[in-house]
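Could you build the full structure based on these sequences and the hints that come with them?
So for the sequence shown, this note's numbering puts the first residue at 359; every next one is plus one.
Simulated from the structure, these hints should not be mistaken for lab results. Check the hints yourself; a few may be wrong.
So the derived label-pair ranges between C-beta atoms look like this [to be verified]:
no.	residue 1	residue 2	range
1	Leu435	Leu519	22 to 32 Å
2	Gly503	Asn462	35 to 45 Å
3	Ser423	Lys483	17 to 27 Å
Remember, predicted model here, so these are calculated numbers, not experimental data. Note that the Cβ used here is the ideal one computed from N, Cα and C, for glycine as well.
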Amino acid sequence: MATGKQAHLDMIQSVKSEFLAVLIGMDYCLDWKQDDSEWSARELVYHLLDTPPGGAQNLVKGVISGEVKEYEIWSDLTNVTPERSAYDIEQVNSDIEDFFDSLNNSVLGLSDADLDDKKVMMHQKTREVDEERSVSAILKRTLSGHIRDHLVQLQALRDALAI
359 MATGKQAHLD MIQSVKSEFL AVLIGMDYCL DWKQDDSEWS ARELVYHLLD TPPGGAQNLV
419 KGVISGEVKE YEIWSDLTNV TPERSAYDIE QVNSDIEDFF DSLNNSVLGL SDADLDDKKV
479 MMHQKTREVD EERSVSAILK RTLSGHIRDH LVQLQALRDA LAI
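This is the structure in structure tokens:
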């Protein structure tokens, strides 16, 4: 089993593949909701790509460069703009590809030590939590936690539509 940097790079590729695969065949129903209280596939995608604001790929890049010392997370934002509302599945997939490619490229330049040594203060505003997070912790929470948790919701949408 890979460790350190290689484990994160493997996880990036794995989650990217899962993310793109779960959207196959959903081009006609990106905005469909099983219930008004639920999120559509489009809302889930852009929530994932832009949480934290600007996206985890830009956060990681900023932490690595030293430009970002702290960041905020606001829960439950869909991040769907009027422009994104009009995107077809090809553009949505392109945005996903860009996100993961940027994240991968940022991690490629790191050493295993950098993953744990480069840290930032996270302020989870909705839940009033403040904690220091390493790049490694950000990657784990983003990929293995946040994105994978919402991929379950995307799969549930697929199941409801019998795709």
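Hints and how they fare:
no.	hint	result
1	Leu435 - Leu519: 22 to 32 Å	holds (24 Å)
2	Gly503 - Asn462: 35 to 45 Å	violated (18 Å)
3	Ser423 - Lys483: 17 to 27 Å	holds (24 Å)
Going down the numbered hints, you'll see the structure goes against just number 2.
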